[in-house]
Amino acid sequence: MRRAWRRLIASLRPAADAAPVVDAARQLTVLAVVRRFWPRLRPLRGWLALGLVLLAAAPAIEVVEIVLFQRLVDDVLVPADFSPLLTLAVAYLALNLASGLVSSADDYLSTWVSQRFLVDLRRDAFEHVLHQPATVQDRRRLGDTMARLTSDVSAVESFMVGQLATGLGALLRLVLFVGALLWLQWELALASLVVVPVFWWVSSHFARFTRDVSRERRRRGGSLSSITEESLANATLVQTYGREREAVADYDRQNRAIAAAELAGSRVRGLFLPLVDLAELVGVLLVVTLGVWALSTDRLTLGGLLAFLTLLMQCYRPVRDLSDLVPSLFSATAGVERLVELLDEPRAGDRAGATALPGGRGAVDLSAVTVRYPGAARDAVSGLDLHVAPGERVAVVGASGSGKSTLARLLTRQVTADAGVVAVDGHDVADHTATSVRAAVTLLLQEQLLLDASVHDNIAYARPGATRAEVRAAARAADAHAFVERLPQGYDTRIGQRGRTLSGGQRQRLSLARALLRESRVLVLDEPTTGLDPDATRRLLEAVTDPALGRTVLLLTHDPLALEYVDRVVRLEDLADHPPADADHPSADPADPVPVAAAVSR
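Just so we're aligned: the sequence shown equals residues 1 to 602 in full-length UniProt numbering.
Careful, some of the hints might be misleading.
Label pairs and their computed distance ranges (CB to CB) [claimed, not checked]:
1) Val-248 - Ala-105: 43 to 53 Å
2) Ala-105 - Glu-187: 35 to 45 Å
3) Arg-571 - Thr-467: 34 to 44 Å
4) Ala-377 - Val-248: 30 to 40 Å
5) Val-78 - Glu-187: 20 to 30 Å
6) Ala-105 - Asp-418: 52 to 62 Å
7) Thr-310 - Leu-93: 17 to 27 Å
8) Thr-355 - Leu-445: 26 to 36 Å
These are calculated hints, taken from the structure and not from any lab test.
These numbers were taken from a predicted model, which means no experiment stands behind them.
Even glycine gets a Cβ: it sits at the ideal position worked out from N, Cα and C.
Build out the structure end to end from the sequences listed, making use of the hints.
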């Protein structure tokens, strides 16, 4: 018997995951969730109060209708007297109309409040993620982040608006119905409430199973989204190495885990609901038994007994709702916890009193700069010094992991120095807004980041107000105009997600055209010649290093051909006696510490 009971309990819990794709979020109490998100509902408290009035009006109308039902039985049906029927019929019609109006108003108001809350929360959560440092975004799987911004945001709305409104509505209904029961026959009313503790005991004991199943279902949903996004985004890689079977197996494992969690939830409901129904049936049978006694002793009329039973059935519905509320709140909490974890991630922001970066000619100065990525065992760069004059063209070279990518991130404030000063035109970038710094310093990444939009829109993304002539001029400067003109719709051709309809070199030239259109005083290019043939490389380098443009250019490169187009080469020296990069933190630049940047003149 004990073994069977253990098996039953085990079947109500989700299976453990030996190799989780997405870790479980930190658990929160219901009170902690309310405290976290109540400030978002405070501006709507007037509308919430009106909603409570409507919630109370609906059961009040039902109570009046049931009392009228008693009059219908006792004054019309039992004596077979038609004279009160017209008055009762008019009253019923008026109450029915009022009930319809109240129900419609309550539905519209609750939808408006929930959507107002949801729209603002979605926007703020999305904005928060966009403003997170690159080091934070690199650690989190994109598919899991998308799941948190969609279904898990909805869980917050369900918790703060839907579930709490349901609970308050059920509580108001219960108070009104219990009051009416006590008014009709207080002895029967007290007897009928005996089953209420049973409802609460059952719901509280099953709530923890619902919570565990819901958390696992949410986590597995994030894992499934992550695997789906990663496999589809790298479909070419999967096909090239013949890993379709493994990709499908990983997808199927998470899919089956979600199904197993759903089945565990079904088993919980399969045990919970019959127990609730049994308690409700016992309460009704007890009232019927006592009702016969009340009729036989003239304590209650037939109409009063029928009205009492009707009220009792209406009373059990909010009791059931309140019993279901605890498991429902725990279920919603599972999604809330995942969103709170996302919102608790640090956000890159400006210092208090930060101002726009003043104008200048593009001088760059790094003095004793040290950077260590979160969780890394050592510095990515240490004591870095670099001075670039306005309009100077400098190539930054060094072994892989020597700190070139970190240097690019420092100049655009995607990474903040732990020590030292990063300055543009003599102004510490940390003292100025990130928007103004990035307007002054444009970074062209090695990875070509393109939108699923037209060629024109991709280039104009750097400056939305640019004219078509300016876009074409930027394309010509980047040696992209010729191939764009050969596309089916020219500059209006859509290039697919991440520009997949184009070759690697074409994507690189479009990215460069976008960077040139920005017209920043400092242009930083991270391995800009990757994937280009020598002729295309020369045309690109001539375009970006043209002295007539008057901008400062930093080329972070391994390409020896690029050294022919710069005024100076800066080598980030690598110390051979340092250990390799921390593999557990891929976001960190896998660099050995760099004591100084050694200048090598051409």
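Okay, the hints, checked on the actual structure:
Distance hint check: the CB atoms of Val-248 and Ala-105 are about 51 Å apart, consistent with the given range 43 to 53 Å. Take Ala-105 and Glu-187: their Cβ atoms lie about 38 Å apart, and the range 35 to 45 Å holds. Under the hint 34 to 44 Å, the C-beta atoms of Arg-571 and Thr-467, about 41 Å apart, fit the expected range. Taking 30 to 40 Å as the suggested C-beta distance range, the pair Ala-377 and Val-248 conforms, at roughly 37 Å.
Between Val-78 and Glu-187, the C-beta spacing of about 23 Å keeps the proposed range 20 to 30 Å intact. Checking the proposed 52 to 62 Å range against Ala-105 and Asp-418 shows it holds: the Cβ atoms sit about 57 Å from each other. For Thr-310 and Leu-93, the hinted distance range of 17 to 27 Å is satisfied, since their beta carbons lie about 19 Å from each other. Judged by the Cβ atoms, the range 26 to 36 Å given for Thr-355 and Leu-445 holds: they are separated by roughly 27 Å.
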